[in-house]
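A.B. asks: Chain residues, written in single-letter form:
2 protein chains.
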Amino acid sequence: MTAVLTETDDFVAALRSHARRYHDSHPFHVAMNEGRLSQDQIRGWVANRFYYQENIPRKDAAILANCPDRAVRRQWLRRITDHDGTAEGEGGIEAWLRLGEAVGLTREEVEDGRHVVPGVRFAVDAYVTFARTRPWVEAVASSLTELFAPDLMAQRLTAFERRYTWIDGDGLAYFRARLRQAPRDSEHALAVVTTHCRTAEERAKAVAALSFKCDVLWAMMDAIDRAYGN
Amino acid sequence: MTAVLTETDDFVAALRSHARRYHDSHPFHVAMNEGRLSQDQIRGWVANRFYYQENIPRKDAAILANCPDRAVRRQWLRRITDHDGTAEGEGGIEAWLRLGEAVGLTREEVEDGRHVVPGVRFAVDAYVTFARTRPWVEAVASSLTELFAPDLMAQRLTAFERRYTWIDGDGLAYFRARLRQAPRDSEHALAVVTTHCRTAEERAKAVAALSFKCDVLWAMMDAIDRAYGN
Numbered sequence: 001m002t003a004v005l006t007e008t009d010d011f012v013a014a015l016r017s018h019a020r021r022y023h024d025s026h027p028f029h030v031a032m033n034e035g036r037l038s039q040d041q042i043r044g045w046v047a048n049r050f051y052y053q054e055n056i057p058r059k060d061a062a063i064l065a066n067c068p069d070r071a072v073r074r075q076w077l078r079r080i081t082d083h084d085g086t087a088e089g090e091g092g093i094e095a096w097l098r099l100g101e102a103v104g105l106t107r108e109e110v111e112d113g114r115h116v117v118p119g120v121r122f123a124v125d126a127y128v129t130f131a132r133t134r135p136w137v138e139a140v141a142s143s144l145t146e147l148f149a150p151d152l153m154a155q156r157l158t159a160f161e162r163r164y165t166w167i168d169g170d171g172l173a174y175f176r177a178r179l180r181q182a183p184r185d186s187e188h189a190l191a192v193v194t195t196h197c198r199t200a201e202e203r204a205k206a207v208a209a210l211s212f213k214c215d216v217l218w219a220m221m222d223a224i225d226r227a228y229g230n
Numbered sequence: 001m002t003a004v005l006t007e008t009d010d011f012v013a014a015l016r017s018h019a020r021r022y023h024d025s026h027p028f029h030v031a032m033n034e035g036r037l038s039q040d041q042i043r044g045w046v047a048n049r050f051y052y053q054e055n056i057p058r059k060d061a062a063i064l065a066n067c068p069d070r071a072v073r074r075q076w077l078r079r080i081t082d083h084d085g086t087a088e089g090e091g092g093i094e095a096w097l098r099l100g101e102a103v104g105l106t107r108e109e110v111e112d113g114r115h116v117v118p119g120v121r122f123a124v125d126a127y128v129t130f131a132r133t134r135p136w137v138e139a140v141a142s143s144l145t146e147l148f149a150p151d152l153m154a155q156r157l158t159a160f161e162r163r164y165t166w167i168d169g170d171g172l173a174y175f176r177a178r179l180r181q182a183p184r185d186s187e188h189a190l191a192v193v194t195t196h197c198r199t200a201e202e203r204a205k206a207v208a209a210l211s212f213k214c215d216v217l218w219a220m221m222d223a224i225d226r227a228y229g230n
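Protein sequences appear in the order of chains V and F. No gaps in the numbering here: position 229 of the first sequence is 229 in UniProt numbering, and each next residue is one more. No gaps in the numbering here: position 158 of the second sequence is 158 in UniProt numbering, and each next residue is one more.
If you are wondering where the hints come from, they were derived from the structure by calculation, not from laboratory data. Even for Gly, the Cβ is constructed at its ideal location relative to N, Cα and C. Where hints are given, some of them may not hold.
Between beta-carbon pairs, the in silico distance windows are [what the hints assert, rightly or not]: (1) F:A126 to V:T6: 42 to 52 angstroms; (2) F:A126 to V:T195: 28 to 38 angstroms; (3) V:L179 to F:P183: 33 to 43 angstroms; (4) V:D125 to F:A177: 34 to 44 angstroms; (5) V:W166 to F:T195: 51 to 61 angstroms; (6) V:A208 to F:A31: 52 to 62 angstroms; (7) V:T133 to F:E201: 23 to 33 angstroms; (8) V:S211 to F:R226: 31 to 41 angstroms; (9) V:D112 to F:R20: 40 to 50 angstroms; (10) F:D168 to V:T195: 29 to 39 angstroms; (11) V:F122 to F:R198: 27 to 37 angstroms; (12) F:D151 to V:E108: 40 to 50 angstroms; (13) F:P68 to V:E187: 21 to 31 angstroms; (14) V:D151 to F:E7: 51 to 61 angstroms.
My request is simple: use the sequences and hints to build the entire structure.
C.D. replies: Put into structure tokens, the structure is as follows:
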């Protein structure tokens, strides 16, 4: 067997290389995973990140609205169900609210967004706007930060369980669910992107979309870091 | 018991009064339900109406994308599943393609939209754009033509079964499904609209949205009537 790198391999490699721009290497995130954040800093991160969480189903619905492919829509719909749940008290957004309670925030102060700093709001809104206004395949490509998520989630779970023992372990259900969901989602998104992006230009746009998404996550971290110190 | 008309009753009555503007009274539709259409006219209607059908999930996803209420989103999602199905070969769009086959059209000529006339395209696109760009409650209100759909579907089923005996009855599964789905959907949409539209201005906008939707359906009929004669 000889290993021949195809253009698709190069494309996937270019996408995967963005792992180095993923927000897990942001100083605030490094500090979080090393157990160096205070309770107030953890609370600030959880409250701000909720704005991202609650906008995910709307971002995904915007992709659905732009996508003419029924088979892709059928699969993409599961992301919305994962976050919204199929009944009251279920789903990822609810799980994040419980994380909020586990770190000592009320549901109300998380849901009403009082702690959300402008930089986080702008970054999340930019992501939703991207999904609404860009071609749907680019929006799918922007979701590919999920390729890097499982490693981060595993690290984060370990860090939270060992270093932040003041947080009830039941509050970490969101991270555990994502360990299972993110690989399934990123595998589907990668298949969609490699199927639909055939020209150099289309592939460059997909890579740019993923780069943009890395910027979104990084800018959120910057804004949280600035607000809560490190 | 005294019957006291509340403002909500007046509002619901104003919405329901649009039944008289529903497309079932369009001459082409009257002719269809009276069994007076030729095979070519039925085919023209089925092929053109497909453009509406295939855009429904994208319209509904646009509403989801604009809706911040998780409970509403959870319920609204079922509309997308109804049309797209949960697996290949299921759902309302597939059922409409089978109706196309039952009336003598190939799947290909229905799916590629070659028979879709500009007036139908413009009307459907206007509806999708409305859902994308208007406040989500107005977009929900625009769906309330479903209040009038079950009567039409029942009439249409009878007409097709008795008058157009050249159409295989299995092809009518879409209409049968809507007999069950439309009342459930319109009941939910009406509850959303009456809950969220509390001021006179909000209610006027909801009524205007339903009026707009009646225009969409009527304009489609006009365009089909013009193209296929009556």
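A.B. asks: Are there hints from earlier that the structure breaks, and if so, what are their numbers?
C.D. replies: The structure conflicts with hints 5 and 8, although it agrees with all the remaining ones.
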